[in-house]
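Peer 1: Protein sequences appear in the order of chains A and B.
End of the first sequence = 454 in my numbering, gap-free, step of one.
End of the second sequence = 454 in my numbering, gap-free, step of one.
Hints were generated in silico from the structure; no laboratory data involved.
Using N, Cα and C, we set each Cβ at its ideal position, and we do this for glycine too.
Misleading hints may appear alongside valid ones.
Chain B stretches covered by chain A per the calculated footprint, using a threshold of three residues with CB under 8 Å from any CB of chain A [unchecked claim]:
no., segment
1, 211-223
2, 253-266
3, 403-409
Ranges of calculated distance between the beta carbons of each label pair, as one might list FRET restraints [claimed, not checked]:
no., chain 1, residue 1, chain 2, residue 2, range
4, B, T150, A, T32, 26 to 36 Å
5, A, I89, B, R307, 14 to 24 Å
6, B, E91, A, V312, 49 to 59 Å
7, A, G148, B, E37, 37 to 47 Å
8, B, Q45, A, S85, 36 to 46 Å
9, A, G148, B, G93, 21 to 31 Å
10, A, V312, B, E226, 31 to 41 Å
Only pairs whose alpha carbons sit at most 25 Å apart, straight line, appear in this in silico BS3-like list of lysine-lysine [to be verified]:
no., chain 1, residue 1, chain 2, residue 2
11, A, K119, A, K412
12, B, K159, A, K154
13, B, K412, A, K308
14, A, K154, A, K395
15, A, K388, A, K48
16, B, K330, A, K412
17, A, K154, B, K308
18, A, K48, A, K449
19, A, K235, A, K270
20, A, K308, B, K300
21, B, K395, B, K59
22, B, K308, A, K157
23, B, K154, A, K159
24, B, K154, A, K157
25, B, K119, B, K336
26, B, K59, B, K308
27, A, K59, A, K388
28, A, K157, B, K336
29, B, K359, B, K119
30, B, K54, B, K395
31, B, K157, A, K308
32, A, K59, A, K395
33, B, K154, A, K308
34, B, K154, A, K154
35, A, K119, A, K359
36, A, K154, B, K119
37, B, K159, A, K159
2 protein chains.
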Amino acid sequence: MKAYTQMSHEELTELREQLNKEYEEAKAKGLKLDMSRGKPGTGQLNLSMPLLDTLNSSSELIAEDGLDCRNYGGLDGIPEAKRLMADMMGTKPEHVIVYGNASLNIMYDTVARSMLHGVLGSTPWCKLDKVKFLCPAPGYDRHFAITEQFGIEMIVIPMTMTGPDMDMVEELVSSDPAVKGIWCVPKYSNPQGITYSEETVKRFAALKPAAEDFRIFWDNAYVIHDLYEETEPLADIISECEKAGNPDLVYEFASTSKVSFSGAGISALAASKANLDFVRKIITVQTIGYDKINQLRHARYFKDLNGLKAHMKKHADFMRPKFEATLHILEKELGGLEIGSWISPKGGYFISFDSMEGCAKAIVAKCKEAGVVLTNAGATFPYGKDPKDSNIRIAPSFPSLEEMEQAAELFALCVKLVSVEKLLGTI
Amino acid sequence: MKAYTQMSHEELTELREQLNKEYEEAKAKGLKLDMSRGKPGTGQLNLSMPLLDTLNSSSELIAEDGLDCRNYGGLDGIPEAKRLMADMMGTKPEHVIVYGNASLNIMYDTVARSMLHGVLGSTPWCKLDKVKFLCPAPGYDRHFAITEQFGIEMIVIPMTMTGPDMDMVEELVSSDPAVKGIWCVPKYSNPQGITYSEETVKRFAALKPAAEDFRIFWDNAYVIHDLYEETEPLADIISECEKAGNPDLVYEFASTSKVSFSGAGISALAASKANLDFVRKIITVQTIGYDKINQLRHARYFKDLNGLKAHMKKHADFMRPKFEATLHILEKELGGLEIGSWISPKGGYFISFDSMEGCAKAIVAKCKEAGVVLTNAGATFPYGKDPKDSNIRIAPSFPSLEEMEQAAELFALCVKLVSVEKLLGTI
């Protein structure tokens, strides 16, 4: 296949005609697919249906510490749920508070609490003139939406294949006391599927922030979400921070949203004792406690890390073929054309695609016109603004394999068409 | 029985000796009862066990609007849960957002949101020099804890048998733009069991606040929690506010915490469309949505207002004997002695007792010494400070009938003993 970048004006014009014809045919198929969010597919959700049988009207709903899960009490989680979530995150139960139905809410609360009450006694952020967050990008749009809602200034940090650009992170964190946090998805990152290297994790743990209330927001959303037998190892940030003499530097978040049911799972915060004690002091007023029955249901059903892993293998069996089919189509259709690049992830929920500069919005629009809704171009950057208009997040989880193949074919076609237009200077 | 206040110094001294003897005997029984919180008893919790059978691995978990409750989506509640909670609150589903596991958290969030983002476009409260809340007292300690945590100044409003002192409420709300809210438990109030009269509700709805961002925080926690067949009617604040031309004046809160399981129920906010639209704008960033499976579980199990009412009758069968036994003992032991007064509630979770001035702390301490833990004296007032040191909240729900009788006997004895000491001037 000849690279588009090597083609003459004439060749490109001819190609455009042909691609336009293909596109009209594709439109005529009347596809109707929504791939905008990383939603589990129905087959994946079916996997967890036995969870609903775990507790029934004959169950003893007493937690290991003797607490009746049907009544008030137990602010920071029942012991068996703490153990399960600690297992998942690779930390110890004493580092864990188990919350309610989703980790996004914990992250929002953690920022909101810092705004209103400060961090371990620091000035509440809402009293400061300026608060900044570092945002490795491409990244997760809902992280950026939180910091944007609070008026926090977001600074883009480029991603590399080993994690965020740590030179830049170290420089900004150590020099600017207005920098209070950084959003991280350290394993199978959203959307690139990159796992932070051991060196990256150690450099995070060894940060010397100018602000005493700087924290790493470590969203370990895909900690057990492998596509293959072999996992990409991720160092435990909590113990690395301890070793580096920075035990309070990090908040780690995780949930079972993509293990059991999305929005009806359980979630957890892991951090140092000092951080957790401060959190407990605030949440004792914020809530009478989280849903302990759902905590018990999850703890009894999944039991431990082995139970979780066995379950996640079944998830992978649904996900892997769709990822592989998508990657195969990208390679087959776009390989060698020099109009885009992508990463083959070993886990997580997304495939990240980078088009030629200035093409992403047009590609997403073209797909939509033909019935395939992708995440908005730009969504993977703070304020929804991708400076290169290049990154597109593909979410293969929700469609069926057949639908995903159709969508990937259409996507590749739209990439070609828009790239030709770009090279011809017509967009 | 001769009133203590009519007794001579000699009579009181003699009485003290006898009471002290009785108290030592009571202590020797080694009671161990915690009546500090309004927790449902085990019998009440057992009533809701079939709720756990409502959904199982063969269930279709599709909500009426076609949404799969196992997946993401559906920010403000599934239709059937909105209808159920609207039924409970006596309002329409379009006024309702269904949240997670407890209404306390909605109230906290509502104050936190106002602090951070203002109310319908007003200045965020955290940017103001002074924010004040009116606190009808005795009231609910967790309300006061929320406003205290946010540094909001609390002003005590005396309670009357028809609700808060409305002359004072009207005066303060209409004259002081720093007054941004008032905490209300309008039906079977915590702790007095008073239901606001129709006139009180209408006067609330007709308030003319100096602050555009003033809101009534209407915690309808005991809306269907009758002890008897006949309910004490409460006018619907939402429609009264509409009628008065103040549709945005109120936030109403309710939950099934004391209907199904405490801390594992569902909860709701009811308000005008303008208020709800503003809330939705914020929570779309705060959460990916609340637990729709638990919403569906509750909606399918309770079905409608009739289902809820039938269920609450069974709750009342557990509660009523304990309330009646307690009131009977108070009357039998303390009637005519002029050392305390109390209200006989027709619903709710508490009996409110007022001792002679300056005796409540000592009575609670005496009870504790003999093994019965009551809510801290003062807890029913802002900052935990009862200016008269007189109000004590009795929570009959959690102990068994027999335990409650023992506790009430001990309580009456402690009231007598402390009152005698007070009259003798020895405390």
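Peer 1: Work down the list of hints and note, for each, if the structure agrees.
Peer 2: Taking the hints in turn, this is what the structure says about them:
1. Under the rule that three or more residues need a Cβ within less than 8 Å of chain A, the assignment of the segment 211-223 of chain B is violated, with 0 such residues.
2. By the rule of at least three residues with a Cβ nearer than 8 Å to a Cβ of chain A, the coverage given for the segment 253-266 of chain B is violated, with 0 such residues.
3. Against chain A, the segment 403-409 of chain B contributes 0 residues with a C-beta closer than 8 Å to a partner C-beta. That does not satisfy the three-residue criterion, and the hint is violated.
4. In this structure, T150/B and T32/A break the distance hint of 26 to 36 Å, their C-beta atoms being roughly 54 Å apart.
5. Between I89/A and R307/B the beta carbon distance is about 38 Å. The supplied range of 14 to 24 Å is therefore violated.
6. For the pair E91/B and V312/A, the beta carbons lie near 36 Å from each other, so the given range of 49 to 59 Å is not met.
7. Distance hint check: the CB atoms of G148/A and E37/B are about 58 Å apart, inconsistent with the given range 37 to 47 Å.
8. Q45/B and S85/A have their C-beta atoms about 52 Å apart, which leaves the hinted 36 to 46 Å range violated.
9. At roughly 49 Å, the beta carbons of G148/A and G93/B sit outside the given window of 21 to 31 Å.
10. Under the hint 31 to 41 Å, the C-beta atoms of V312/A and E226/B, about 33 Å apart, fit the expected range.
11. Proposed proximity of K119/A and K412/A is contradicted: the alpha carbons are some 39 Å apart, above 25 Å.
12. Annotation: proposed proximity of K159/B to K154/A holds, straight-line Cα distance about 19 Å (limit 25 Å).
13. As the CA atoms of K412/B and K308/A are separated by approximately 21 Å, the hinted pair is consistent with the 25 Å bound.
14. Distance check on the hinted pair: K154/A and K395/A sit about 43 Å apart at the alpha-carbon level, beyond 25 Å; violated.
15. Distance check on the hinted pair: K388/A and K48/A sit about 21 Å apart at the alpha-carbon level, within 25 Å; holds.
16. With a CA separation close to 46 Å, the supplied pair K330/B and K412/A exceeds the 25 Å bound.
17. At most 25 Å may separate the alpha-carbon atoms for a hinted pair to count; K154/A and K308/B meet this at roughly 23 Å.
18. Proposed proximity of K48/A and K449/A is supported: the alpha carbons are some 18 Å apart, at most 25 Å.
19. Restraint check for K235/A and K270/A: the C-alpha separation of about 14 Å stays at or below 25 Å, so the hint holds.
20. Between K308/A and K300/B, the direct Cα distance comes to roughly 34 Å. Violation of the 25 Å bound is thereby established for this hinted pair.
21. Under the criterion of a C-alpha separation no larger than 25 Å, the hint pairing K395/B with K59/B is consistent with the structure, at around 9 Å.
22. Between K308/B and K157/A the CA atoms are separated by roughly 24 Å; this keeps the pair inside 25 Å, and the hint holds.
23. As the CA atoms of K154/B and K159/A are separated by approximately 19 Å, the hinted pair is consistent with the 25 Å bound.
24. A distance of roughly 14 Å separates the Cα atoms of K154/B and K157/A; the hinted pair therefore holds under the 25 Å criterion.
25. Restraint check: the Cα-Cα separation between K119/B and K336/B comes to about 18 Å, which is no more than 25 Å; the hinted pair holds.
26. Distance check on the hinted pair: K59/B and K308/B sit about 49 Å apart at the alpha-carbon level, beyond 25 Å; violated.
27. Straight-line distance between C-alpha atoms of K59/A and K388/A comes to about 19 Å, which keeps the hinted pair within the 25 Å bound.
28. For the given pair, K157/A sits about 52 Å from K336/B by alpha-carbon distance, which is inconsistent with the 25 Å threshold.
29. For a cut-off of 25 Å, the pair hint linking K359/B to K119/B is broken: about 45 Å separates their Cα positions.
30. Between K54/B and K395/B the CA atoms are separated by roughly 10 Å; this keeps the pair inside 25 Å, and the hint holds.
31. This hinted pair checks out: K157/B and K308/A have alpha carbons roughly 24 Å apart, not beyond 25 Å.
32. With a C-alpha separation of about 9 Å, the suggested pair K59/A and K395/A falls inside the 25 Å cut-off, and the hint holds.
33. A distance of roughly 23 Å separates the Cα atoms of K154/B and K308/A; the hinted pair therefore holds under the 25 Å criterion.
34. Taking the CA atoms of K154/B and K154/A, the gap is about 8 Å. The hint holds against a cut of 25 Å.
35. For the hint pairing K119/A with K359/A, the CA-to-CA distance comes to about 45 Å; that exceeds 25 Å, so the pair is violated.
36. Of the supplied pair hints, the one linking K154/A and K119/B is violated, its CA atoms being roughly 40 Å apart against a limit of 25 Å.
37. Restraint check: the Cα-Cα separation between K159/B and K159/A comes to about 31 Å, which exceeds 25 Å; the hinted pair is violated.
When the structure is compared with the earlier hints, violations turn up for hints 1, 2, 3, 4, 5, 6, 7, 8, 9, 11, 14, 16, 20, 26, 28, 29, 35, 36 and 37 and for no others.
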